[in-house]
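J.: Letter by letter, the chains look like this.
Number of protein chains: 4
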Amino acid sequence: MATNSLVDIKKLSPKFQDLYAKTKDFVENDCIPAEKLFDLQMGKGENRWKIIPPVLEELKVKARSLGLWNLFLGKTYAEGAGLTNVEYGLIAEMTGRSKLAPESMNCSAPDTGNMEVLAKYGTPAQKEKWLKPLLDGKIRSAFAMTEPRVASSDATNIELNIRREGNEYVLNGLKWWISGAGDPRCALYLVMGKSDADNESKYRQQSIVLVPADAPGVTVVRPLPVFGYDDAPEGHCEIVFKNVRVPLENIILGEGRGFEVIQGRLGPGRIHHCMRAIGMAERALEYMMVRVTDPARRTFGKGLYQHGTIISDIARSRIEIDQTRFLVLNAAQKIDEGNAKGALKEISMAKVAAPNMALAVLDRAIQAHGAGGLSDDFPLAKSYAGARTLRFADGPDEVHISQLGRNELRRVDEIRAKFESQKEKSRALLAKL
Amino acid sequence: MATNSLVDIKKLSPKFQDLYAKTKDFVENDCIPAEKLFDLQMGKGENRWKIIPPVLEELKVKARSLGLWNLFLGKTYAEGAGLTNVEYGLIAEMTGRSKLAPESMNCSAPDTGNMEVLAKYGTPAQKEKWLKPLLDGKIRSAFAMTEPRVASSDATNIELNIRREGNEYVLNGLKWWISGAGDPRCALYLVMGKSDADNESKYRQQSIVLVPADAPGVTVVRPLPVFGYDDAPEGHCEIVFKNVRVPLENIILGEGRGFEVIQGRLGPGRIHHCMRAIGMAERALEYMMVRVTDPARRTFGKGLYQHGTIISDIARSRIEIDQTRFLVLNAAQKIDEGNAKGALKEISMAKVAAPNMALAVLDRAIQAHGAGGLSDDFPLAKSYAGARTLRFADGPDEVHISQLGRNELRRVDEIRAKFESQKEKSRALLAKL
Amino acid sequence: MATNSLVDIKKLSPKFQDLYAKTKDFVENDCIPAEKLFDLQMGKGENRWKIIPPVLEELKVKARSLGLWNLFLGKTYAEGAGLTNVEYGLIAEMTGRSKLAPESMNCSAPDTGNMEVLAKYGTPAQKEKWLKPLLDGKIRSAFAMTEPRVASSDATNIELNIRREGNEYVLNGLKWWISGAGDPRCALYLVMGKSDADNESKYRQQSIVLVPADAPGVTVVRPLPVFGYDDAPEGHCEIVFKNVRVPLENIILGEGRGFEVIQGRLGPGRIHHCMRAIGMAERALEYMMVRVTDPARRTFGKGLYQHGTIISDIARSRIEIDQTRFLVLNAAQKIDEGNAKGALKEISMAKVAAPNMALAVLDRAIQAHGAGGLSDDFPLAKSYAGARTLRFADGPDEVHISQLGRNELRRVDEIRAKFESQKEKSRALLAKL
Amino acid sequence: MATNSLVDIKKLSPKFQDLYAKTKDFVENDCIPAEKLFDLQMGKGENRWKIIPPVLEELKVKARSLGLWNLFLGKTYAEGAGLTNVEYGLIAEMTGRSKLAPESMNCSAPDTGNMEVLAKYGTPAQKEKWLKPLLDGKIRSAFAMTEPRVASSDATNIELNIRREGNEYVLNGLKWWISGAGDPRCALYLVMGKSDADNESKYRQQSIVLVPADAPGVTVVRPLPVFGYDDAPEGHCEIVFKNVRVPLENIILGEGRGFEVIQGRLGPGRIHHCMRAIGMAERALEYMMVRVTDPARRTFGKGLYQHGTIISDIARSRIEIDQTRFLVLNAAQKIDEGNAKGALKEISMAKVAAPNMALAVLDRAIQAHGAGGLSDDFPLAKSYAGARTLRFADGPDEVHISQLGRNELRRVDEIRAKFESQKEKSRALLAKL
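Residue numbers (full-length UniProt numbering), protein chains in the order written: chain A, 1 to 433; chain B, 1 to 433; chain C, 1 to 433; chain D, 1 to 433.
Derived from the structure by calculation, the hints contain no laboratory data. Any given hint might turn out to be false.
Because identical chains cannot be distinguished in the list, a pair is counted as satisfied if it fits within a single copy or across any two copies.
Straight-line distance between alpha carbons at most 27 Å, and here's what the computed DSSO-like set of lysine-lysine pairs gives [claimed, not checked]:
#1 Lys11 x Lys75
#2 Lys75 x Lys10
#3 Lys24 x Lys432
#4 Lys132 x Lys432
#5 Lys11 x Lys60
#6 Lys60 x Lys432
#7 Lys15 x Lys75
#8 Lys341 x Lys425
Note that the structure is predicted; figures quoted are calculated from it, not measured.
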C-alpha cells in the first residue's frame, strides 16, 4: 500500500505517519500473533457470552500506551486524534487485517459510530455518563435499528414504538441483528423507533433514545449466526423491548430527529468498514500467495502458482484491491473536504465496491487453500462471513446502487442541454456545405 | 422441473414415476417440516457428537416403508432399485431440497459411494460384514483420502503409509476433511494410502483398506468447521492413524489398486452431489420469490420484487438452474449409456457448473432476505456453506476445468485436418476465377 | 454435438438423420469453402447492393438438389419438410456455422418467418403471389416493424400510420433496421403499423399489410451498419413510406390483428436464431483450439494453450455452449409438444442465453487470435457483430428477462401456500415436544 | 471528473488548469460538433485513403492557436509542454471523447510514441528530418512491429530480417496491423526487425530502423478492418518489405537495441490509451443517460430508466469508470515520480483494467440504445471497436495479467518470512498458557 502514489503515505502528516507505522507494527506483531490465544481463551458453551479473553484487555493496554486509541475520532471532536478521514481510513485498513485490532485500539463498530453520535449530538450529561466510559474502553454499546418484521432497509418502515408517558419514554418492539449486544460489557443501546407515527413527514416520525442494557423489559433473546459463526462474545442479537422506560433526557438531539442522527452517523463509519474490508482482502491475498508457492504443495508436477488460472487470480485481485482502495479513499477525501452529506455519491460507490471486492478476493484465496480454506485454520472463511454482512450493513447493495444511479441521473439535464448545443453547432457546420 | 421437456418425467418408467412422486411428497411433507425439530433435538456442546435426533430415525422408518430406500444403487447392483442414473438424478435433486432427506432415504454421501465400492469390489466377507449393515442403515461410514500436508487434489501426493507386516497392514498418517467421521454410528473408514511408494507407476502406489472406526490407533482429533458450521453429528474430521493394524483381507480389490477404486467410485457420486445442489438452488429460488413478494416487506413505496434488479435476479436464476440441470442429466444419461469413464467429460462439466450455479442462486436469495438470509432462520446460509464445499469435493474446480480443457483439445487434430481440407477447397474455387 | 446424450441424434427419425448428415456435409464442404469466393464476387461500392455473388445461386441449386430446401417449415405446413422444431433446430445449428448456409438452403431470416406467416395466415391469392416465389427462392422479403422515433421494443409504440381510403390502405411512416430490404431481390415487405389508434385495446390497434417493394412512395433511405458492417447485399435499412397505397386484400389476417400475427411468428424463429448462434460458437471454439495449438505460435517458450487461462477459456466455452444448447432444444421440444405460446417461458430463456453465450465464446476466440481476430481474415468479428444484434432482435434481453421473471413469479402463490403448510406441519411436530 | 478529490484538478498547476479548460471547451464545442462534417467530407471508395477531410486541418489550426499542441511531450523534452503524466493523462481523457480531438491537437497515436522515441533517442539529423515535421503536424508516421506469421505478443518472435550490406540496411519481411500506414500523409515507419538472430541474448537480436514510407520495396498491401471499420484514412495496414534499403544512419539508438527502444516507448503511451478509453466511457455513459430519460422512449408505461436493471447499469458504470481512472492516474503519478520502468506494475494494472471497463460501459450504452446503438448514428459502436483493439495493443491482456501476477509474487518471500515470525510469536504466547 505504501507504494500507491495517488495517496502517498510519505506525504501525509508526520503525526499520521508515526501512528500508521505504530499501527502496522501493533497489528502485525501483536494482534495477529494473539489471534490463536484469543480463540483458546474464549469461553465454552454459554461462557462464550460471558468471558472476554484476557489477551484482548492486554492488547488494549498496549495499544493505549502506544497512543493507538480512539483514532477514529476526527478533528472536529475535542476528544479526537485529529486525523483526517483519509488518514484514519489508511489506519482502518491496517486494523482490518486482524479481528483483534479494531477493539484493541477502541476503534471497533458499533462503538465508533455511537461515540461519534454522543460526541456530536450528546448533552453534557449524556457525554459524562456514556461517552466517557466508551472512550475509555470500559463499556461497550450497540445500535438498535434493524427489525425482523419489516423491510428495514427502508428505515421509515421501522415499527418499535416510542411513547412519551409523563417524564419517560416507553419502548415496545422487537429488534434483531443488534451487533455487540451479546457482549457482557455492552451497557448501552441507541434505539431507533417510531415516536410520532402520524407526522406528515416520514422522516420526522423517528427518534433515537439511549437505553441502558440492564433496563427492565429488555431481553436479549438470542444471537443470530452469520453462516455458522455466532461472533461471540459480541454477537448479533435479537432483542425484545417490553415496556422499557427511560427518562426523557435520554433522547438524542430531540424527538423526531432520528433520521438526522443516522444520516450524520453513517458516512465515516461506512468508510471504516470499507477500509477494513480492504485490509481483509490484502491479508487474504498474502495467504493465497504464500499457499500457492508452498514448495510442499505441488500437483501434477507443478507448483500451484504455475497452474492455469492462479496467476491470473492473483493479478486480478491486485487490480481489484487497488482500484477499490482508491474509490474508498476518494470518498474519505471528499468527506474531509466538506462533509459526509456532500460525499453521499462517493460513499455509496465505496460501500458497494469494497465488500464485493473483498468477497471476490477472499473466495479466490479460499479456493487456493482447498477445503482448509473453509475452516478456521486460516482467517479466510470467517473474514468471508464478515465481509458478506457488509453487503447489508448500513443499507444493502441494492439501496446504494439505486441511490447512486439516481444521483448520477441528476446530471442528465445538463448533459442533454450540452448535446442539443453540440447538435446545433453540428448542423451549422453542415449547413455551410 | 416436471415441465422440462428434454427430460420429461412423464415419459420415464412407471416405477420411477411412482418413486419420484413419493420422494417429492416425503421431502416436502415429511423432511422439510421436520427440520426445525431436528435442530431442537440436536445435542448441546459435546452431545452434538453423541446424539442423533430421534426424528431422523423416524424419517428413516417412514422412507423405508415407502420403498424410498437405497435408491442410489443402480441396475448393476443386485441390491439396487434398478433406477438409471438419470432417474436417480432426478430423485437426488428432490432430496437436495432438505438436509434430512438424503440420510432418511439411506442415500447420503459418503455412504453411497462406499456402498458402491463394497458392492462392486468387495469380497463376500467384506460385503457381509460392512455392506449389509450399511444398506440396512444400521451403521455409517467415511472415506479417508484428503490430507492436510500435501496438495491432495493430486491424489498421487497422498502420504499416509500402509505397510504390510505379517498378515496385517499397518497404517500411519494423518487425514482431514473426513466427512461423516464424527457420527457416533460411523463404524468404518475406507482409507487410501501409499502401500508401494517405489512403484514406477504413480498410479499403482496407492491402496484402499477397510479400517474399523474403533481400531486401536485411530484418533478423531477434531471436526473442521465449514464457514462456522461443524455439521454435527457427521462432521468433517481430522483423524490420526498411528500404527493402526488391520488384517490383510481388509484390502479393497488388491494392493496398488487404489486409483482404480476411486475412479470407479466417483462418477455417479458426482452426479448425486450436482443434482442435490440443483435441488438446493430450486428451494432457494422459492424462498427468494416468497420473500420479495411478501406484502409486509415494501420499501420506498414498492414491493421488493418491483425494484431494480430483483426480477432480473429471479429470471437469471431460472435460466442458470435449468441449463445446469440439463448438463447434469446429460452426464447421467451418458453414464447410463456406457459407463462413468466414458462420461468423464460430461461429468467434469456438471461438476464445475452445478456448485457454482447453486452458489450464485443462493447468494442472490440470501441478499433478498437481508441479514436474516445469513442466519439459520432460513436454510440458505447453511446450504451456501454446503455448496461451497462442492467446489473442492471430489476434486477442485481447477482440476476439472483443466481436465475438461485438455479433453476438449483432443479434437483439435481432426478439426485442423478439416480446416486444411476446407482451405484447399476454397483455393480450388478461387483458382477458377 | 452428436455425442450429447439428452438429445441423441441417433435416436431421431431416419429422415432427420439423413437430412442432418447431408446438411453437415453441405455446410462444411460446400458453404464454408465458398465463403472467400463469395466475398470476392461481392460488388464494389454501390454494386454491393446490386450484385448477388453467383456462387450463392450455385449453392442454392446444390442444396435444393440434395433436398436441403425449406427445411424450416414444420409439420403443420403442407409445403414443409415435416421436421420437428428439435430436428430443425439441430439443422439450424449446423447452418449457423457458415454465413452462406441459411440462404443457400432457403432457410434464412427474415424470409422464414415471413413464409410462415403467409403459410399460416395468407389468403390463397396472397400465397400464390408471394409465398410461392419465396418458397421457390426466387424473391426475398422483409419484415418492417422497428421504428427510430419510438421505443419499439414495446410494439404498442409503433407509429407508422395505416389509413383505410376507399379500397386501399395508405401507409405513412418511417421504419429502420429492416433486414434484407437492401437486397435487389427483395420484393415484399410485411409492414406493421397503426390502423386504429383509438381502439381501447392497445393490442388491437395494429395491422400488418403486404407492401410490394416497388410500390410508389417507398424509399429505402440507407443501410444501417452493425459495428461497421453493412451486411450487403441484404442490409438493415431505413425506409420511408410516404402515401404508399396497397389494395385492401393485402392485409394479413384482418385489421387490428397485427399482434396476433407477430405472436405467432416469433416463437420458432427465435429458436432458429438461437441455434445458429450456437453453431457460430462451435465454429469459434474450433478456430480458437486450432489457433492456440498452432506450433508456429509459441510465446515465452510455451504453446499458447499452455499459458494461464487459455485452457480454462476453452473448458468454460465447452460448458457454456452445451448448457445453452440444451436450453434451446428444450424450448424447441416444448413447442413441439404444444405450441409457441405454451413455450413462452422456455423461449425467453433460450433467447436471453444463446446470444450472450455466443458473444462470450466469440470474444474469447477473438482474443486468442490477437488483433487478427478482429479482422475478416477469420469469421469471428463478423459473427460477433451478428450475434450482438440478437440481443435486440425479436425483443431486447431486458424485455425477455423481465417477462421471464414475472412469468416465474406466477408460481409464487402456490409456493407460499406450500410454505405455509410446511410451517404448520413443523409447528405440529414441535408442539409434541 | 472535476469533482474527484484524490486528483483534484483545482490543486494542479495553473498552466495545466488553463490547458485543461481550453481542451474541454475545444473537444466539446469544436471537435464533437465537427464529427458529422468529418464523416461527410471523407472520400468515397478508394478516395477514403486519399482525402483528409478539410475540417480536420481547420481543427488543427485552431488547436495550435489555442496552445493545445503536442501536449503529450513531457517535461523531459525540450519541445514539450512540460505537463506531468497525471496532467496530460487528464487531458488525454478529455480528448478520448471525440475521435477528432487527438489528431487535432497533434497528440494521436502512433505519432506520439514515435515522436517520443525520436526526441529521446534520435540523432540531431534524425530529429531535423523527421521529428520536426511530426511536431509540426506536417507528416504522420507508423510503428511497424506486429507480424502475421508469429505470435508477436512475444516480441522476441519477430522475424522481419534486417541485414547490413555496405552502408545500408536491407529489410525483408511482412508486417500487419500497422496503424496509420494508410494515411496519405504517413511519411515514416519505425520498423522493428531481427538484425542479429544469433545473438545469445534474445533481447539483443532486434533493431529499429527508420524507413521512409516511399522507399522502394515497401508495399502497403491492404488495410485490415476492425469489426467492419477500416478506420480510413489512417487504417491498420499489412505491409510487405522487400529488399528495402535505408542508410546505416537510419538506425535508432544502435544495432541490437530494439527492445530498449520499445521499453522506453510504451509506458506513457499506454497511459494515454487508457485515459482516452476512460473518456470514451464517460461519453458513452452520457449517451446512455440521455437515452434512457428521453421522454419519447417509454415502454410498458414507464421511462426506460425506471425499468429493472438500467439504473443499476448506470450506477455500476459510474463505479467502474471512477475506480479505473484512479488506477490509471496512479500509474501516471508513479511514472512522474520515477520512470516508466519503475511503474511497470501500475501500468500493467491500468492497461488491463481500462479497456475492459470501457467495453463494459460501452456495451451497456449500446444495449440502452437498441439496435441503433450498433450503427454509426451514435459514436458507441465505433468506440467499442476501438476499445476492443486496446485489449491487444501494446500487449494482450494475457501478457499483462501474467506479468502482473508474477510481479506481485515477488513479494512472497517477504510475506512468508512475516508469517513465520507471526507463527513463532503465536507459539510463544500459547506456550505461556
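J.: Now, for every hint given, state plainly whether the structure supports it.
T.: Checked hints:
Taking the shortest Cα distances, Lys11 and Lys75 sit within 27 Å of each other both inside one copy (19 Å) and across copies (22 Å). Taking identical chains as interchangeable, the C-alpha atoms of Lys75 and Lys10 lie at most 27 Å apart whether they share a chain (20 Å) or sit on different chains (24 Å). Taking identical chains as interchangeable, the C-alpha atoms of Lys24 and Lys432 lie at most 27 Å apart only when they sit on different chains, with a minimum of 25 Å there against 67 Å within one chain. For the identical chains of this complex, Lys132 and Lys432 are neighbours neither inside a copy (76 Å) nor across copies (34 Å), given an alpha-carbon limit of 27 Å.
When the C-alpha separation of Lys11 and Lys60 is checked against a cutoff of 27 Å, the pair qualifies neither within a copy, at 29 Å, nor between copies, at 40 Å. In the homo-oligomer, the alpha carbons of Lys60 and Lys432 lie at most 27 Å apart only across protomers (19 Å), although the nearest pairing inside one protomer, at 77 Å, exceeds that limit. For a Cα distance limit of 27 Å, the shortest separation of Lys15 from Lys75 inside one copy, 13 Å, qualifies, whereas the shortest one across copies, 33 Å, does not. With identical chains, the CA atoms of Lys341 and Lys425 are never at most 27 Å apart, being 38 Å at best within one copy and 44 Å at best between copies.
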